[in-house]
Each structure stands twice: as C-alpha cells, then as structure tokens.
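Since the structure of chain Y is already known, use the hints to place chain C on it.
Protein chains: 2
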Amino acid sequence: MEHPENDKKYKGLTVNQGVQNLPSVNPYATFRRCKRSLSAEDYFHGIRNGDISILGQAVTLVESNLPSDQVIAQKVIELCLPFAGNSIRVGITGVPGAGKSTFIEALGTELCQAGKHLAVLAIDPSSEKSKGSILGDKTRMNELSTQTNAFIRPSPSAGSLGGVARKTRETIVLCEAAGFDTILIETVGVGQSETAAHSMVDYFLLLQVTGTGDELQGIKRGIMEMADGIAINKCDGNNIERARAARVSFKNALMLFPPSESGWTPEVICCSSIDHSGVQDVWKNIEDYIAFTKKNGYFEHHRTEQSKYWMYETINAALLNGFYQNTDMEKLIEKAEKQVLNNEISSFIAAHNLLDAYNKKK
Amino acid sequence: MEHPENDKKYKGLTVNQGVQNLPSVNPYATFRRCKRSLSAEDYFHGIRNGDISILGQAVTLVESNLPSDQVIAQKVIELCLPFAGNSIRVGITGVPGAGKSTFIEALGTELCQAGKHLAVLAIDPSSEKSKGSILGDKTRMNELSTQTNAFIRPSPSAGSLGGVARKTRETIVLCEAAGFDTILIETVGVGQSETAAHSMVDYFLLLQVTGTGDELQGIKRGIMEMADGIAINKCDGNNIERARAARVSFKNALMLFPPSESGWTPEVICCSSIDHSGVQDVWKNIEDYIAFTKKNGYFEHHRTEQSKYWMYETINAALLNGFYQNTDMEKLIEKAEKQVLNNEISSFIAAHNLLDAYNKKK
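Top to bottom, those sequences are chains Y and C.
The first sequence stops at residue 362 when you use the working numbering, and every number in between is there.
The second sequence stops at residue 1362 when you use the working numbering, and every number in between is there.
Since the hints were made in silico from the structure, they are not lab data.
Fair warning: there could be bad hints in the mix.
Said to hold, decoys possible - Calculated cross-link-like contacts (lysine-lysine; reagent style PhoX-like; alpha-carbon spacing at most 20 Å): (1) C:Lys1361 to Y:Lys360; (2) C:Lys1361 to Y:Lys361; (3) Y:Lys284 to Y:Lys251; (4) Y:Lys362 to C:Lys1360; (5) C:Lys1360 to Y:Lys361; (6) Y:Lys361 to C:Lys1362; (7) Y:Lys360 to C:Lys1360; (8) C:Lys1308 to Y:Lys335; (9) Y:Lys308 to C:Lys1338; (10) C:Lys1362 to Y:Lys362; (11) C:Lys1284 to C:Lys1294; (12) Y:Lys360 to Y:Lys335; (13) Y:Lys295 to Y:Lys284; (14) C:Lys1331 to C:Lys1294; (15) C:Lys1335 to C:Lys1360; (16) Y:Lys360 to C:Lys1362; (17) C:Lys1338 to Y:Lys338; (18) C:Lys1338 to Y:Lys251; (19) Y:Lys308 to C:Lys1308; (20) C:Lys1251 to C:Lys1284; (21) C:Lys1362 to C:Lys1116; (22) C:Lys1308 to Y:Lys331; (23) C:Lys1284 to Y:Lys362; (24) Y:Lys331 to Y:Lys308.
Looking at chain Y on its own, in the form it has when it is part of the complex (with noise of 0.2 Å):
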C-alpha cells in the first residue's frame, strides 16, 4: 500500500492524470500545498469542474489531521454533499495474497476503457504505523494509474479504524461531486476494517483464491455472510480446475445461509486478473444486483442505513471514549479486572463500581 508520503507516486498520478486542466503553473509545484490558501469554495468549484489536482488537494484537506485543516475540509464536504451519491460504491476483500491489487487494476482498466470515471480508495487502519502494505502484494496498480479517467488513493491514516472510516467516507463524497461514477474500497482484512467497508459500500465483494489446500480457509469469520457476490481469483493455467472446485464449494456453501436482506441471491464467479477472464463478468454480476436493488428499493433503504449507522457510531465511539481515555479510569479499570478474574466481584458489580467512580470525576 502506497504511503501518502511517497512523493515520486504522487507526482505521477498528477502529471498523468489532471495536467489538462492545470492552470497555468509548474506541475510539480501543484503538488505541494499552495502558498496562497484556497477557500472552501474555491475547492467545491475545482472540485465541481473535475480539476484533479485540486480533488487531490481537498482529499489531502480531509486527511489532515491539523484542526484548521478540518475546519475548511468540514465546509467543502457540505458544499459537496448535495453532489454526492451518484455512483457505484463497491468494497472488495480478501485474504492476503487473494491477488486484490492485480484484480482491482484489471477491473479498473477495463471500467475506465469503458468509459467510467473510477475512483479507487482503501481502507487500511495499520497505515499509520507501517511505512508501506501489510500485504503481500508488492505490485502496485501502475496501468491503472496511467488512465486518464481514473483517481487511485492510498488509505488515509487516523489513529483509529473509525477515523479512517470517517476519512474515507468523506473522500467518497468529494469524489462523487467531481463526477466519479465508480468507486471501488480496497480492505486490507485487518481487525474490523471489512465491516467498516462493508458499511459504506454498496456492493460487497470477496476475492478468494485457490492453489493450495489452506487457502480456501483463509477468510475470517463473518466475511463471507457478507458478500453480495464471491470472485475465485487465479482461475488459470494450472489452477483452473481447483478454482473451479472451490466455486462448487461455495457456492454450496452459500445455500446453507438464510436469504439477505436485499433479496439477492449471491454468486460465485470464476476470474482471472492475468488473462482478464471473468472479470467482466463480475462486474456484470455488480451491475445486475445495483438495477436488482434499485428496483425493489433495497438500495435506497441501505444508503439510508448506512448514513444512520455512521451518525450513531460517531456518537457511540464519542461516548465510550470519554471513560476509557480518561487517564484516572485507567488503574481503576485494571484494578476491577483482576478482582473479576479472581472472583472477587461479579463484572455487574465491578461494572458499576468503575462507573460511580467515573460520574464522581466528572
């Protein structure tokens, strides 16, 4: 995974991808955060006249931790928000080594051939600690990069999953008001970050993989009752009759599970990123569950949902953060641990103990 640090990346995605509708000022000097500060409506009119660069730059607003930063950023969200929400919001998972970078740029190239307006974004909590991907994929997206209509970002980095949840969330609406009809979220399978993605996207999708006899078990709990539709990756040269065996396997498997909530009925299709094989068809199994949805009004309700689960999350993690972050709390709440394991008090008890002491604080 790219860190937003690394210039050389940056500079080309620039150059590549919004120089025609650079004013007239050196490419490279874009790049770096202009003497002269735009206002909020300057960003909301760049963004609103597809200027990249300027994208690049309110992204880079909203990732910003610094307060002044946020303040403006806060503002170009609201103007942009009634842009918002006309695109494909796609989540896509996977084990490491499931192959996503090399599937998401083989699915990218042929969107952007087609002539969608792409967006690429991740989600990945670890980014802040780690100078680059936990993954295993070293290759980056580098052809997808050198497509006019496309916008690849690495993940923000926050401090929290819900941080980079929040970030990523309002990247999509900056997006979208720049006129991105595609979205695609990249999850790195760490901690929650899938069901993170997974609340913010419209389709989910689980990459899978088969070569050897473990793969097929690498996924974590919970993921795959929460595809919208599975992709068995590699399904070529040696691999294609195991790939094929795995599809069986799932697609089994998925019977097993009560129907979802959309109504939809999830498939499991064969793909290779080399040969592109499949890959259309995956995407045409997205666009079918979008008209699917829009159709019987699942689509709207879920958005719906999902704007819902975000205010309430941000509130609930508000909430409990106050007492766990209260550095008094801390010796208090290991104290009342041990006295629970030792079954010195019930954790009801300990509980309420901890919470008098907290109310008596504040």
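Below, chain C without anything else, positioned relative to chain Y:
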C-alpha cells in the same frame, strides 16, 4: 417458554425436586416469599447445602427488579462467587421448530440418569412482553422436570437483553455454588440472544433440522460460524436420508471457515430426540471439546475473556444509555437523522452537533 408467574409449574418443580431437602414446612408455602426474610447468609448456606427450594428463592431474588431485592441478591452472589465455575456450560440454539425443548429433554434426561446435576436455563428477552413462548414448541420438559437432579428455570424478564443476560449469568453462579455441574442455556433465536448466550457458555451447540427444503436456510447470519458443534435433529423415520444429506452439506460448509480460536474442528452429528439416537454422541462431542480446550488452555482463557466482556458490556450499555435515554436528546436525534438523510449535513457533523448539545445539558 414458561412465564415466571405460572405458579402451577413452579409448585410442580419445587415439590418434585426439593422435598427431601425441605425443612418441615408446607411445601406450597416455600414457594411464596417467607414472611421472615432470609438474610444473604441464609440463602448462601441453603445454596451450599444443595437446598433447591432456597436456590429457587435466591434466583427469584436475582430476577427481581426491586432495589431491596437486588441489594440482597448481590450479596448472595458475592458469597457464592468463590464457589462458582465448576461446571460445563452449554448453549443451545436453533430456529423455531428445530426441536430445542425436546432435544434438551432427551439430553437432560440422559445426563441426569448418568448422575449429572443439571440446571436448565433460558435467555428470552421477549418473555416480559409475551405471556408465553414465541417458539412453536408447545411441549415443555415434562419428563426432565421429574428428575431429582434437574433444576429448570424459565428466562428472567428484565426489559432488555442486557438485563436478561446479566440475571442469567448471576443464576449460573448460584447454580454452580449449589453443586450443579452441568448448565444448559437455551436461546430463542431472537435479536442478539445467541450472541449473549455464546458469551456465557463454554460450548455453543447449533441445533439444525431438516424436513422440507427451506429449513436449512433458517439460521441467522453469523450463528453457524459461532457453533462449536452442530446437531441435525429429527434424524428418524422418513427423515433419515435428508438428515444425513444435511449433515454432509454442513460438514462441507464448515470446512470453508477459518480455524476457530480454540483449535477445535466442529463436528456435525445426526440425532433424534424421539428415539434418543445420536444424543449421547452429541454429549460425547461436548465432553471431548471440554477436555481438548482444558488441555490446550483455551477453556480458562475463554472464561477469562467472557468475564471481562461482561464487565465492559455493562459499562458500555450504561454510557450509551445516558445519552440515548435522555428525553431532551430524543427530538434532537430525530431531527439530526432527517438532516443526514436529506444530505444537508454529514453523519459526522450531525453526530458532533448532538454530542455538543448533550454535553451542554449535563
């Protein structure tokens, strides 16, 4: 599900199970709260002596919502805590119609005949609202209730799942202090009951059934992955072939999931509550699991995690309720939801507006 106020059933249980331990008092009078109040120490000593009648009264105290009862109940629990923990706790879930009651009756009877001291509890958050069970199963555990080593208790009612879960956990403490070595907890598959039950047991059994094509799909998302074992019930008569085929399907599906934290591979076992075939195999599987997890340390680790989990669940519920149950906040929350859904403000800003309003009110 029996409602606690169904006196006839209570009297039947008390007379059948506790009469040899009673002081010379009219057995029907023991059901009613004694005019002279028992102290916490009285309850504790009665429980430790295996006095089922006093155990029943103590559980009634625990289930009571009266503050004065709660004070005594918490003291009794504190006295019992050092003597708790020495049992196998098994959760049993399944769709309505899976035959949970009949299965528990069959299993429970076998266990009692093998010399076990069995407590059968239930988690049913709807018991407060409904006069009886929401399940299709009307037969209750008539045969089991005649076993002298069995203590059967319907679900407490508490106004919330959290309350029901807490009272059930506290009842487990009392039962274990009274010498019960096997605790079965039935859940009714509503809301998050299974998650609550799963978080207080050592082994979680999913009871499945087949007879028509649809029943295989009845399980809620996430439950199959929670199960430490699956029993395919009603494997008798005309249903044997279908039950065996279902067993193969579930076994194959389980192979697609990642290894469980315990290191255990869940089994799928066919059984019949009518002719008891397979019931002992199900129990053997549970015993094997317990031995396996005690040996590799997971058993203790899991109980530790559960104790901590309940402490944090209690704290979190209190922190959130302070906000959501505040009557001033209700209207503000409703208004904020509308603004978010109309794309007027972002979920994030809506959340923070509400939090600001809440903090000013405090």
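Hint by hint, here is what the structure shows:
1. C:Lys1361 to Y:Lys360: Since the Cα atoms of Lys1361 of chain C and Lys360 of chain Y sit roughly 17 Å apart, the hinted pair holds (cutoff 20 Å).
2. C:Lys1361 to Y:Lys361: Holds - the C-alpha atoms of Lys361 of chain Y and Lys1361 of chain C are around 17 Å apart, at most 20 Å.
3. Y:Lys284 to Y:Lys251: Holds, because 18 Å separates the two Cα atoms, which is no more than 20 Å.
4. Y:Lys362 to C:Lys1360: Roughly 13 Å separates the two Cα atoms, so the pair holds.
5. C:Lys1360 to Y:Lys361: 17 Å, holds
6. Y:Lys361 to C:Lys1362: It holds: about 14 Å lies between the C-alpha atoms, which stays within 20 Å.
7. Y:Lys360 to C:Lys1360: Distance of about 18 Å is within 20 Å: holds.
8. C:Lys1308 to Y:Lys335: Between Lys1308 of chain C and Lys335 of chain Y the Cα gap is close to 12 Å, so the pair holds against 20 Å.
9. Y:Lys308 to C:Lys1338: Distance of about 9 Å is within 20 Å: holds.
10. C:Lys1362 to Y:Lys362: 10 Å, holds
11. C:Lys1284 to C:Lys1294: Holds - the C-alpha atoms of Lys1294 of chain C and Lys1284 of chain C are around 15 Å apart, at most 20 Å.
12. Y:Lys360 to Y:Lys335: Roughly 18 Å between the alpha carbons, so the hint for Lys360 of chain Y and Lys335 of chain Y holds.
13. Y:Lys295 to Y:Lys284: 16 Å, holds
14. C:Lys1331 to C:Lys1294: Violated, because 52 Å separates the two Cα atoms, which is more than 20 Å.
15. C:Lys1335 to C:Lys1360: 18 Å, holds
16. Y:Lys360 to C:Lys1362: 13 Å, holds
17. C:Lys1338 to Y:Lys338: Judged against 20 Å, a Cα distance of about 45 Å means the pair is violated.
18. C:Lys1338 to Y:Lys251: 40 Å, violated
19. Y:Lys308 to C:Lys1308: Between Lys308 of chain Y and Lys1308 of chain C the Cα gap is close to 30 Å, so the pair fails against 20 Å, i.e. violated.
20. C:Lys1251 to C:Lys1284: It holds: about 18 Å lies between the C-alpha atoms, which stays within 20 Å.
21. C:Lys1362 to C:Lys1116: Distance ~53 Å between Lys1362 of chain C and Lys1116 of chain C Cα, so the pair is violated.
22. C:Lys1308 to Y:Lys331: Holds: Lys1308 of chain C and Lys331 of chain Y sit about 15 Å apart, inside 20 Å.
23. C:Lys1284 to Y:Lys362: Roughly 53 Å separates the two Cα atoms, so the pair is violated.
24. Y:Lys331 to Y:Lys308: Since the Cα atoms of Lys331 of chain Y and Lys308 of chain Y sit roughly 35 Å apart, the hinted pair is violated (cutoff 20 Å).
Hints 14, 17, 18, 19, 21, 23 and 24, counting from the list given before, are not met by this structure.
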